[in-house]
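Please take these sequences and the hints and turn them into a complete structure.
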Amino acid sequence: QKLGEDIDLGLEIGDGAEGIGGNEADAPIIRMVSMLLVEAHRMGASDIHLEPLDKKFRVRFRVDGVLQEMQAPPKRLQSAIVSRLKIMTGSMSIAEKRLPQDGRIRVKIKRKPIDLRVSTIPTNHGETVVMRILDKSSLMFGLPELGFLSDDQEIFERLIKLPEGILLITGPTGCGKTTTLYACLNYINKPDRKIITIEEPIEYQMNGINQVQVSSEIGMTFPAALRSILRQAPNIIMIGEIRDLETASIATNASLTGHLVFSTLHTNDAPSAVARLVDIGVKPFLVASSARAIMAQRLVRRLCNNCKEPGELSETDLRALCIEPGQLHEAQVMKPVGCEQCRQIGYKGRMGIFEIFVIDDEVRHMINKRSSTLMLRRRARELGMRTLREDGVRKVLAGLTSAEEVISITIGDVS
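Counting from 526, one number per residue, gives the positions in the sequence shown under the numbering used here.
Treat the hints as calculated values from the structure; they're not laboratory data.
Predicted model only: the values in this text are computed from it and were never measured.
Positions of the beta carbon are idealized from the N, C-alpha and C atoms, including for glycine.
A couple of the hints might just be wrong.
To be verified - Have a look at the derived ranges for each label pair, beta carbon to beta carbon: (1) Glu621 x Gly874: 37 to 43 Å; (2) Pro850 x Pro647: 54 to 60 Å; (3) Arg906 x Ser839: 24 to 30 Å; (4) Gly851 x Ala758: 52 to 58 Å; (5) Tyr712 x Arg583: 20 to 26 Å; (6) Arg906 x Asp804: 29 to 35 Å; (7) Gln678 x Ala758: 26 to 32 Å; (8) Met900 x Asn831: 33 to 39 Å; (9) His791 x Tyr712: 23 to 29 Å; (10) Ala923 x Glu887: 27 to 33 Å; (11) Gly874 x Ser741: 32 to 38 Å; (12) Phe810 x Asn830: 21 to 27 Å; (13) Gln678 x Asn830: 30 to 36 Å; (14) Arg895 x Lys600: 29 to 35 Å.
Put into structure tokens, the structure is as follows:
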């Protein structure tokens with residue numbers, strides 16, 4: 526495989542580093558690093574992990590949320606490979622091996638621009654490197670590609686077309702919140718709307734949208750950026766994450782003055798987001814007035830469409846997922862098999878499972894009264910909210926994912 530076939534030799538490698546190509550002695554390392562990036566992209570990896578161990582240099586790709594060990598280069602090349610990656614960022618020091626460093630690499634693979642966020646940290650066996658792959662093509666996701674079934678998509682489309690209020694996406698790190706936010710912005714990005722985002726960092730550049738990068742070192746914090754962009758008269762604001770009272774207060778007030786605000790929180794389910802906002806100091810009446818809906822989400826692996834076969838649910842699966850016999854009459858339960866297209870895994874790609882909590886007048890009244898999360902959850906269920914596990918069950922019965930996936934991902938789900 527020739528380097529020039531897959532990675533443009535005129536690759537962009539960080540500010541001020543365009544001229545660095547390496548000398549002839551470096552060519553094998555350059556080729557090895559380039560082929561590593563090409564293979565990770567070909568497999569659809571989200572992260573590359575380079576880990577120095579006692580007697581080997583381990584390489585692992587995270588594909589569909591699962592780490593897979595790859596063929597590793599010789600241990601003796603460990604330092605040279607790490608140095609090459611640092612050079613490609615144009616900002617990381619190859620001499621500094623005692624402190625953590627961060628950088629960014631921009632390359633073109635098969636003529637597609639790919640950004641990589643690079644992080645190094647010293648360990649007892651050398652520097653470990655993690656590279657997050659940011660592929661702009663994933664921005665082409667529409668709402669259906671996120672994994673919504675038709676009824677939930679209809680609800681969600683209606684919510685993101687609202688003229689004002691706050692819409693929150695909640696869940697743990699790595700559950701696809703940012704992808705969902707970008708898909709929302711893509712959907713509502715029209716010439717008659719001004720959209721501004723505040724991010725740390727900007728993961729993808731979006732056409733027609735003003736994106737602001739947070740930089741705490743120079744005082745450009747989330748609250749400072751948010752106060753400034755309100756003077757820019759946006760219609761829609763996306764805040765990467767609500768982390769503190771100041772950000773939350775400005776965001777809620779903005780949503781009450783004619784802005785539609787999207788943001789994320791770290792909570793396990795949708796109703797818990799209300800308590801989280803109150804815990805960080807937002808007045809309950811502000812939460813009640815501003816929140817329009819809260820959506821919790823997780824990612825499950827999709828069954829490979831090329832090789833999945835009809836399957837059956839065990840008694841254990843039926844009990845764990847609370848599936849009634851009547852639900853199986855029109856079900857299309859499938860099982861993973863494995864083929865060349867999915868690398869014998871049986872899964873290819875991921876999809877979301879969702880819990881959509883629409884805030885109505887009764888819920889607002891309950892928030893004002895400081896009702897418990899349990900009471901809010903009961904009201905949400907009365908309004909028709911499905912839990913994460915229940916949405917997962919629907920996708921199992923539709924043959925989109927497996928019972929094992931849904932059970933493992935929603936192990937702490939409360940029905």
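Results of checking the hints against the structure:
no. : hint                        : in the structure
1   : Glu621 x Gly874: 37 to 43 Å : holds (38 Å)
2   : Pro850 x Pro647: 54 to 60 Å : holds (57 Å)
3   : Arg906 x Ser839: 24 to 30 Å : holds (27 Å)
4   : Gly851 x Ala758: 52 to 58 Å : holds (54 Å)
5   : Tyr712 x Arg583: 20 to 26 Å : violated (40 Å)
6   : Arg906 x Asp804: 29 to 35 Å : violated (23 Å)
7   : Gln678 x Ala758: 26 to 32 Å : holds (31 Å)
8   : Met900 x Asn831: 33 to 39 Å : violated (47 Å)
9   : His791 x Tyr712: 23 to 29 Å : holds (24 Å)
10  : Ala923 x Glu887: 27 to 33 Å : holds (32 Å)
11  : Gly874 x Ser741: 32 to 38 Å : holds (35 Å)
12  : Phe810 x Asn830: 21 to 27 Å : violated (49 Å)
13  : Gln678 x Asn830: 30 to 36 Å : violated (20 Å)
14  : Arg895 x Lys600: 29 to 35 Å : violated (58 Å)
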